[in-house]
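Peer 1: Those protein sequences? They're chains A and B, same order as listed.
Under this note's numbering, think of the first position of the first sequence as 1, with each following residue one higher.
Under this note's numbering, think of the first position of the second sequence as 1001, with each following residue one higher.
No lab work stands behind these hints, which were simulated from the structure alone.
Note that the structure is a prediction, hence the values are computed from the model and not measured.
Glycine included, C-beta positions come from ideal geometry on N, C-alpha and C.
Be a bit skeptical, because a hint or two may be false.
[To be verified] What follows is a list of derived Cβ distance ranges for each label pair:
no.	chain 1	residue 1	chain 2	residue 2	range
1	B	N1065	A	N7	29 to 37 angstroms
2	B	P1039	A	T45	19 to 27 angstroms
3	B	S1084	A	G83	30 to 38 angstroms
4	B	Q1017	A	E42	38 to 46 angstroms
5	B	G1053	A	G16	49 to 57 angstroms
[As the list claims (entries may be wrong)] Facing chain A, from chain B, some residues (calculated, C-beta under 7 angstroms):
no.	residue
6	Y1031
7	G1040
8	M1041
9	G1042
10	L1043
11	V1050
12	F1090
13	S1094
14	Y1101
15	E1102
16	P1107
17	G1108
The lines below spell out each chain.
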Amino acid sequence: DQQVKQNSPSLSVQEGRISILNCDYTNSMFDYFLWYKKYPAEGPTFLISISSIKDKNEDGRFTVFLNKSAKHLSLHIVPSQPGDSAVYFCAAREPLSINNDMRFGAGTRLTVKP
Amino acid sequence: NAGVTQTPKFQVLKTGQSMTLQCAQDMNHEYMSWYRQDPGMGLRLIHYSVGAGITDQGEVPNGYNVSRSTTEDFPLRLLSAAPSQTSVYFCASSYAGSAAYEQYFGPGTRLTVT
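Construct the entire structure; sequences and hints are all you get.
Peer 2: What follows is the structure, given as C-alpha cells:
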C-alpha cells in the first residue's frame, strides 16, 4: 500500500512558465517531506524539504507547499527552465525513524520545452 | 570528495546466481540504506544501517543480505537471484544530525535477472 502517491506520471510545461508537481500522502504522522530530482543514469539529488509544522518553504525558484488537512504537498518551480527537465520524487519521513527512513512516491517526469 | 559510489553500473545474472553490489561513501555519514526502484513505484527500502556493525531490515528485505563492517562500506548481497529482483538499486547515505533529513544517493546499479 503506497503511503505516498504522485498521481501524474508526467508533466510538460513551456520554458518560463510555472511547473506544479503534486504529491498526496495517507499517513498523517509523517513529520518531514522532501523533494528529490533525478536525471537519467544518476541517483536522486535532494532539492527542498518542509517540516510538517510549516506550510511553505522557499528556495530560489523552488517552493514547496504543505496542506496537512488535505494530506497534500506541491512543488512549484518558477520560472521553469529546460535544465529542470527530470523526474521528481516526493518523499515523506517515517515518524520516529532512527535512520531517516523515507517513503517515496513513484515520481513525476517533468519536461520543460524551450 | 566522491560522495556515494556504487559498482557495478550494470549487471546481468542468471536465476540462482549470487552477487554483491558494492556501495561506499566518503562523507563519514552514520546512516546508509539500500533502495530498489521499479517502474510505477517509488524507491523502496531494502536494508539500512545506523552505524558500523548495526543493520536492520527495511520494507522489502527478502532475498538480500547486508553487513556494515566499516563506516564507509555497505555491500548488498543477493543470495540466489530471481527475476523479481530485476530492478535499479540505489545506495544512499545520510548524516544523523541533518536538519532536513536529506539522503545522498549513488548513481545506481541496473540489475537484470534472466
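Peer 1: Under the criterion of a CB-CB separation shorter than 7 angstroms, is G1108(B) in contact with chain A as hinted?
Peer 2: 6 angstroms, holds
Peer 1: Closer than 7 angstroms between Cβ atoms is the bar; does G1042(B) clear it against chain A? Give me holds or violated.
Peer 2: 3 angstroms, holds
Peer 1: Double-check P1107(B) for me: the hint is only fine if its C-beta lies closer than 7 angstroms to a C-beta in chain A.
Peer 2: Constraint on P1107(B) satisfied, holds at 5 angstroms.
Peer 1: Next item in the hint list is S1094(B). Is there a CB on chain A closer than 7 angstroms to its CB?
Peer 2: It holds, given that the least Cβ distance between S1094(B) and chain A is near 5 angstroms, below 7 angstroms.
Peer 1: If you check the beta carbons of G1053(B) and G16(A), does the distance land in 49 to 57 angstroms?
Peer 2: 52 angstroms, holds
Peer 1: Given a cut of 7 angstroms on the nearest C-beta pair, is the interface hint for E1102(B) held or broken against chain A?
Peer 2: 4 angstroms, holds
Peer 1: Take the C-beta atom of S1084(B) and the C-beta atom of G83(A), compute their distance, and say whether it sits inside 30 to 38 angstroms.
Peer 2: 36 angstroms, holds
Peer 1: Does L1043(B) pass the interface hint, meaning its C-beta sits closer than 7 angstroms to a C-beta of chain A?
Peer 2: Interface hint status for L1043(B): holds (4 angstroms vs cutoff 7 angstroms).
Peer 1: At a threshold of 7 angstroms, is the proposed contact between F1090(B) and chain A supported by beta-carbon distances?
Peer 2: 5 angstroms, holds
Peer 1: Against chain A, is V1050(B) within 7 angstroms by beta-carbon distance?
Peer 2: 5 angstroms, holds
Peer 1: Given Y1031(B) as an interface hint, is the shortest Cβ-Cβ distance to chain A below 7 angstroms?
Peer 2: 5 angstroms, holds
Peer 1: Holds or violated: G1040(B) as interface residue toward chain A, Cβ cutoff 7 angstroms?
Peer 2: Holds. Min distance 6 angstroms.
Consistency note: the structure conflicts with earlier hint 4 alone.
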